[in-house]
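Protein sequence lines, in the order shown, are assigned to chains A and B. Its first residue numbered 1, the first sequence is counted upward by one per residue in the numbering used here. Its first residue numbered 1, the second sequence is counted upward by one per residue in the numbering used here.
Because the hints were derived from the structure by calculation, they are not lab data. Backbone N, C-alpha and C fix where the C-beta goes; we use that ideal spot for every residue, glycine too. Be aware that one or more of the hints could be misleading.
[Stated by the list, open to error] Which bits of chain B does chain A cover? Going by a derived footprint, with three or more residues having C-beta under 8 Å, they are:
{"no.": "1", "stretch": "46-58"}
{"no.": "2", "stretch": "101-112"}
[Said to hold, decoys possible] What follows is a set of in silico ranges between Cβ atoms, one per label pair, in the way DEER data are often shown:
{"no.": "3", "chain 1": "B", "residue 1": "L113", "chain 2": "A", "residue 2": "S42", "range": "21 to 29 Å"}
{"no.": "4", "chain 1": "B", "residue 1": "R63", "chain 2": "A", "residue 2": "V14", "range": "44 to 52 Å"}
{"no.": "5", "chain 1": "B", "residue 1": "T20", "chain 2": "A", "residue 2": "Q69", "range": "40 to 48 Å"}
{"no.": "6", "chain 1": "A", "residue 1": "K16", "chain 2": "B", "residue 2": "R63", "range": "18 to 26 Å"}
{"no.": "7", "chain 1": "A", "residue 1": "A81", "chain 2": "B", "residue 2": "R63", "range": "43 to 51 Å"}
{"no.": "8", "chain 1": "B", "residue 1": "F69", "chain 2": "A", "residue 2": "I11", "range": "20 to 28 Å"}
{"no.": "9", "chain 1": "A", "residue 1": "I60", "chain 2": "B", "residue 2": "N71", "range": "34 to 42 Å"}
{"no.": "10", "chain 1": "A", "residue 1": "V84", "chain 2": "B", "residue 2": "L67", "range": "36 to 44 Å"}
{"no.": "11", "chain 1": "B", "residue 1": "A80", "chain 2": "A", "residue 2": "I60", "range": "32 to 40 Å"}
{"no.": "12", "chain 1": "A", "residue 1": "S71", "chain 2": "B", "residue 2": "N59", "range": "28 to 36 Å"}
{"no.": "13", "chain 1": "A", "residue 1": "I11", "chain 2": "B", "residue 2": "N71", "range": "40 to 48 Å"}
[Unchecked claim] Stretches of chain A that chain B covers, calculated by requiring three or more beta carbons in the stretch to come under 8 Å of a beta carbon on chain B:
{"no.": "14", "stretch": "37-46"}
{"no.": "15", "stretch": "106-118"}
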Amino acid sequence: AQKVTQAQTEISVVEKEDVTLDCVYETRDTTYYLFWYKQPPSGELVFLIRRNSFDEQNEISGRYSWNFQKSTSSFNFTITASQVVDSAVYFCALSEAPFIIQGAQKLVFGQGTRLTINP
Amino acid sequence: ETGVTQSPTHLIKTRGQQVTLRCSSQSGHNTVSWYQQALGQGPQFIFQYYREEENGRGNFPPRFSGLQFPNYSSELNVNALELDDSALYLCASSPWTGKETQYFGPGTRLLVL
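With the hints as extra help, turn the sequences into a complete structure.
Here is the structure:
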């Protein structure tokens with residue numbers, strides 16, 4: 001069975017600090033996808049990044065960066081120079097990669113990490 | 001904005017009633033998934049529809065059912081509401097290639113009293 005663990009339930013930092021959100025996953029699939037979503041107070045899940053299991057290159061997008069390590073089954077997310085607008089709940093998610101139409105591509109989410117950036 | 005809309009935004013029902021939640025997918029997306037998010041938890045997969053047929057279901061009882069229409073809209077129906085059904089219900093749409101990102105709507109907050 002697939003499982004995603006986000007051990008940090010809440011993180012609070014002061015603006016401009018760097019912060020890393022941890023994500024550890026379990027799957028028996030050899031091909032899978034990993035995601036990060038942001039959920040502001042409005043409730044909508046905002047897509048941030050998708051990674052497939054064959055691509056272990058780290059990725060940077062502005063102040064955001066992601067570190068994918070297959071050897072430790074981790075997909076961590078770092079925000080550099082955090083801002084108050086980064087305050088939200090962040091979810092890591094995993095999906096298998098079905099190659100047949102009959103397979104539903106469901107997302108398995110972690111419990112989320114509530115990030116608060118204080119001015 | 002994802003182009004995925006949901007209605008209503010909030011809903012209050014009493015135990016035993018039935019409810020219908022609606023979702024309008026992004027144009028061209030033939031796959032819609034529904035998730036239930038209880039307070040303080042991550043979303044849980046309810047089911048997915050592809051080309052108007054159910055294409056997979058999570059661990060939810062049959063009183064949770066759905067429909068998908070050719071115009072990219074869909075419905076989630078819940079019969080015999082229970083108190084534990086109180087949650088944020090999210091729909092997500094994606095084109096079907098088996099690997100596409102799911103884009104979420106703003107959700108419907110359901111409170112069952």
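Q. Hints broken by the structure, by number, lowest first?
A. The structure conflicts with hints 6, 8 and 11, although it agrees with all the remaining ones.
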